[in-house]
Every structure is written in C-alpha cells, then in structure tokens.
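> Generate the whole structure from the sequences, applying the supplied hints.
Sequence lines, in order, name chains A and B.
This note's numbering puts the first residue of the first sequence at 1, with every later residue one more than the last.
This note's numbering puts the first residue of the second sequence at 1, with every later residue one more than the last.
Do not take every clue at face value.
[What the hints assert, rightly or not] Straight-line C-alpha distance at most 25 Å; calculated DMTMM-like pairs for lysine to aspartate or glutamate:
hint, chain 1, residue 1, chain 2, residue 2
1, B, K135, A, D6
2, B, K70, B, D89
3, B, K177, A, D9
4, B, K165, A, D7
5, B, K74, A, E18
6, B, K135, A, E18
7, B, K61, B, D47
8, B, K61, A, E18
9, B, K165, A, E4
10, B, K74, B, E151
11, B, K135, A, D9
12, B, K177, A, D7
13, B, K135, A, D7
14, B, K74, B, E155
15, B, K177, A, E40
16, B, K165, A, D9
17, B, K158, A, D9
18, B, K95, B, E121
19, B, K158, B, E50
20, B, K61, A, E26
21, B, K135, B, E121
22, B, K165, B, D120
23, B, K74, B, D53
24, B, K135, B, D47
25, B, K165, A, E40
26, B, K177, A, E18
27, B, K158, B, E134
28, B, K135, A, E4
29, B, K74, A, D9
30, B, K61, A, D7
31, B, K177, A, E4
No lab work stands behind these hints, which were simulated from the structure alone.
Spelled out, the chains give:
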Amino acid sequence: MNDEFDDLDRALFALPLEVPPAGLRESILRATVYAPRAAEPAFRQWEVVLIGSLLALAAWLLVVFSGQPRYAVELSADATMVVRAFADTTTLAWLAAGGSVAFWFTIVNPSALRIPLRIGRR
Amino acid sequence: MTATGASGSDDGVLVAAALAGRAEAFGTLVERYDRAVYHLCLRTMRDAQEAQDCAQEAFFKAFRSLHTFKPQAKFSTWIFSIAYHACCDRLAARKRFTSDEMPDRADPAAGPAALAERNDEAGRLRTAIDALPEKYRAVITLYHLQGRQYEEIAEVLKLPMGTVKTHLFRAKELLRKTLVSE
Chain A
1 MNDEFDDLDR ALFALPLEVP PAGLRESILR ATVYAPRAAE PAFRQWEVVL IGSLLALAAW
61 LLVVFSGQPR YAVELSADAT MVVRAFADTT TLAWLAAGGS VAFWFTIVNP SALRIPLRIG
121 RR
Chain B
1 MTATGASGSD DGVLVAAALA GRAEAFGTLV ERYDRAVYHL CLRTMRDAQE AQDCAQEAFF
61 KAFRSLHTFK PQAKFSTWIF SIAYHACCDR LAARKRFTSD EMPDRADPAA GPAALAERND
121 EAGRLRTAID ALPEKYRAVI TLYHLQGRQY EEIAEVLKLP MGTVKTHLFR AKELLRKTLV
181 SE
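Rendered as structure tokens:
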C-alpha cells in the first residue's frame, strides 16, 4: 500500500503546517496559564451553616446559664442520666436489634429505596 | 514532517510539572503543539476563525482536565483527540442548525490569492485535502501530523485500526486522482 503512494507521502510529509493567526498562542495562554484564579472561599457553604449554628447554640447556652445557674445543674444531671442509659446493656441490645432490622429491611426490600429514573429521549 | 517526533518524550514531565503547580510548564506544551493543533482544526473545520476557536477550546479543556491525562499516554495524541472532538462537536452543531449537510465552501479558485495558491504544489495539495470528505480529511491530516503511527491515529479518531487504514487508503486514492486530474 505504501509503495504506490510514495510520491504522495513525500508531498504530504513535506507539507508545512498551517501558520496560526497572530495572537492565538497569547489568547490560549491568557485563558489557561495566566488566567486569574478565582479566590477559593475560606469556608464552604455547609461549613458556614455549621459554624453559625454552633456559635448560635453557644451564645444561647451562655445567656441561659449566666442568667440561671440552676439550669447548669439540671442539664448536667440530665446529661448524666442519658450517658447512664446508653451505657446500659439492655438499651444497647435494643439499639442493635433496631439497627439490624433496619439493615435487613434495606437488603430484603431494596426497591423501597430505589428512586425511579426517567431517561429522556431525543 | 511530524509534529510529535522529538519532543514527545518529555511532554509527560511537563504535564507532571503543570500538575504540581508550575503552570508555565503547560505554556511550553502550548508552544510545542499550538501550530499542529491549529493545523488539525483548520483542516477539519475549513474555516480559520472556527479553527482558532477550536484550538483555543482544546487547550482550555486540556488545561482543565490535565489531571485525567494518563502518564503512559502521549500528550500529542491526547491534545489532538480533544481538538478533533471539539471540531466534531462544532460540525455537528452546524449541521443541526442548518438541518442539512453544510454546503461546500465557495470555489477557492475565485480570488487571485487562491489562484496563486493553486499554482503552488503545496497549495494544490492543501486544496485537494480540503476537498476530501470529512472522515478522510481527518485521517490524512493526522497521518501527516503523527507520522505513520496508525495506532495513535486510531486513538484520536476513536476508530478501529482497520477502518483507519481503509480511510487512509481511500483518502490517498482520492488525493492522487484529484492531483492527477488538475
């Protein structure tokens, strides 16, 4: 196949590449290498929401406890009760049972979680 | 004459440097390939302005997706593939808007500059390449750019090797016929 096109091949390989218009390289470089980079925000949106919520909660707790010291005692007692409840083996057993039932439910009946998708056609 | 011969080996190093934050390394790749990419776009689009837009778009896309470049691949093949598909997208859009095959360009022999080009041997060859159907034009342009590396031509065009060889054979036959008949 190559032999019969030898002359054509020679002509093709001798053909100089087209000269790009002046300014093409500069415009490519401006769009890539020298493109001003958009400053990345210090925090993502969800981080801003989380930080704001935590600060609001902290401010609210500060206001509540600084005005009414007995709330601190009550809250501490409630927290102790919750910790004790979660340390109880019966509670943990019930949580484990609930979790495993939920897990098996997703395996046995996965269609319950499936979102119907519709693929558009042209 | 190929665009990719001597410099191909250290393109990977430049890509790695660009990925490491030295953006000027990408500038070296632009300097190395902008002419070849523009050549491919011009042959595919047959319009200088659109070729310029496609070449720019190809480098922009390559810069944005440089992290997807596989180190064992050839940068030339990769950038040619991006450029060629950018051209195909534009050609497809053009066809959609006109709802028909685009008409061929006006007779290039119309102006004195075109006449002068026709007399020149390289100009005759260029004109003959431009007159080829799109699929043959692409394969002959890549054959010119990539040398005889059929695998890479096939990779750029996303065609089987056998199809590339067939297209190339037919393109050469058509070119020869055109050149002989002139």
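> For the pair supplied as a hint, B:K158 and B:E50, is the alpha-carbon distance within the 25 Å limit?
holds, 22 Å
> Is B:K165 close enough to A:E4, meaning Cα to Cα at most 25 Å?
Roughly 15 Å between the alpha carbons, so the hint for B:K165 and A:E4 holds.
> For the pair supplied as a hint, B:K74 and A:D9, confirm whether the alpha-carbon distance does not exceed 25 Å.
Measuring from Cα to Cα gives roughly 24 Å; hence the hint holds.
> Is B:K74 within 25 Å of A:E18, Cα to Cα?
This hinted pair holds, its Cα atoms lying about 22 Å apart.
> Is it true that the CA of B:K135 sits at most 25 Å from the CA of A:E18?
holds, 20 Å
> Taking 25 Å as the top limit, are the C-alpha atoms of B:K61 and A:E18 close enough?
Holds - the C-alpha atoms of A:E18 and B:K61 are around 22 Å apart, at most 25 Å.
> Check whether the Cα positions of B:K177 and A:E4 lie no farther apart than 25 Å.
Holds, at roughly 13 Å.
> B:K165 and A:D7: Cα distance at most 25 Å?
Holds, at roughly 18 Å.
> Holds or violated: B:K135 and B:E121, Cα atoms, limit 25 Å.
holds, 23 Å
> Please verify whether B:K61 and A:D7 have alpha carbons no more than 25 Å apart.
Not OK: B:K61 and A:D7 at ~37 Å, beyond 25 Å, violated.
> Checking one constraint from the list: CA of B:K177 to CA of A:D7, max 25 Å. Satisfied?
holds, 13 Å
> B:K61 and B:D47: Cα distance at most 25 Å?
Status holds; Cα separation ~21 Å.
Violation of the numbered hints given earlier is confined to hints 15, 18, 22, 25, 30; the remaining hints are satisfied by the structure.
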